[in-house]
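Student: Sequence:
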Amino acid sequence: MQVPVPSNWLGEGESPNLALLQAEWEENSEPEGRALLFAARDGARLAGRVFEPATPARAVAVLAPATGVPQRYYFGFARWLRERGYAVLCFDYRGMGMSPTPDGGVTMRDWVARDLSAALALARQRAGRGSQSLPLVWFGHSLGGNGLPMVEGLEHLDAAVTLGSQFGYWRLWDGWRAQVTRIFFQHWLPLWVRLSGRLPGWALGGGEALPGAAAMDWARWGLLPGYMRDDPACKADWAPQRFRGSLQVWSIHDDRLYGPRRAVDALADCFREGAARVERFHLFPNEVGLKRVGHFGIFRRSAAQQLWPLLLSRLEARLPALAS
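Going by UniProt numbering, 238 is the number at position 238 of the sequence shown; the sequence numbering is gapless.
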């Protein structure tokens, strides 16, 4: 059954620890907000949830998920943003979480070029247009940030924050982790796709199983120096220069397996080709009173005390409409 999109979201006429990660999903998955289904440009349906503040919204935010991570993992952060006046959209990529698998299968290119674009388009409708429009911001976790150069409508974003997002080329990892990453892309991913037709969640270190075609996109990109940019199928969509807003690119010091510093640097560099105002931040966990953060700890409740306020204050300092 189609779940209607709330009227104020429509324009007129238009560290890998599976047990810990699963516990955090359940911790954050309290049934709040309003469920919806919305469509990508090719007709694929995406399951989302919107969190509206009790008072008039100050801004609209998209929370774009990591590979294999369901939207419910971000609900805690979404509620926290809502309490600060943000209207927030969370969603699942096609074939993941609550989003149905369309006929024809699922690729990772679909996720970054079509699903992320659909989420931005819906959020833009909520933000409105013209002089009365609300600031439109993006929080991208891992894939939700490294797919940003592929997003249609990128020029309409006022600001974006990427968290643990990177260029996934294996040589951007350091030391022995580079060889582990190469083996992951060259052998581990293809092996499990051949054996089971998909990538099991445990083979990824936690999370949901990935559709086979999506996993093979990832495997191919990880062996290309330009990552997805070097995939001929992605060239028409790759356009980071369209983004003209404020971009804050974050890496975490103890996120060496998924978001190493040099790989995150490479993502930031691709946006410097255009007019984006790029800022690069590297966080040590003890700066925010934590022993560890890693790749997934950014959205744990323990991060709400110091890390989330730090992220939001840095973002709002770059947006005059929110700086006050």
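Worth flagging that the hints you see were computed from the coordinates, not collected in a lab.
Each hint should be verified, as a subset may be incorrect.
[Said to hold, decoys possible] Cross-link-like lysine to any residue pairs, in silico, SDA-like; alpha carbons within 20 angstroms at most: (1) K235 - E273; (2) K291 - V278; (3) K235 - M216; (4) K291 - R301; (5) K235 - F281; (6) K235 - L224; (7) K235 - R220; (8) K291 - P309; (9) K235 - A266; (10) K235 - L191; (11) K291 - R272; (12) K291 - W308; (13) K291 - A266; (14) K235 - P225; (15) K291 - R261; (16) K235 - R301; (17) K235 - K291; (18) K235 - E155; (19) K235 - R272; (20) K291 - E273.
Student: Does the structure break any of the earlier hints, and which numbers would those be?
Tutor: Hints 2, 5, 10, 11, 13, 16, 17, 20 contradicted; others consistent.
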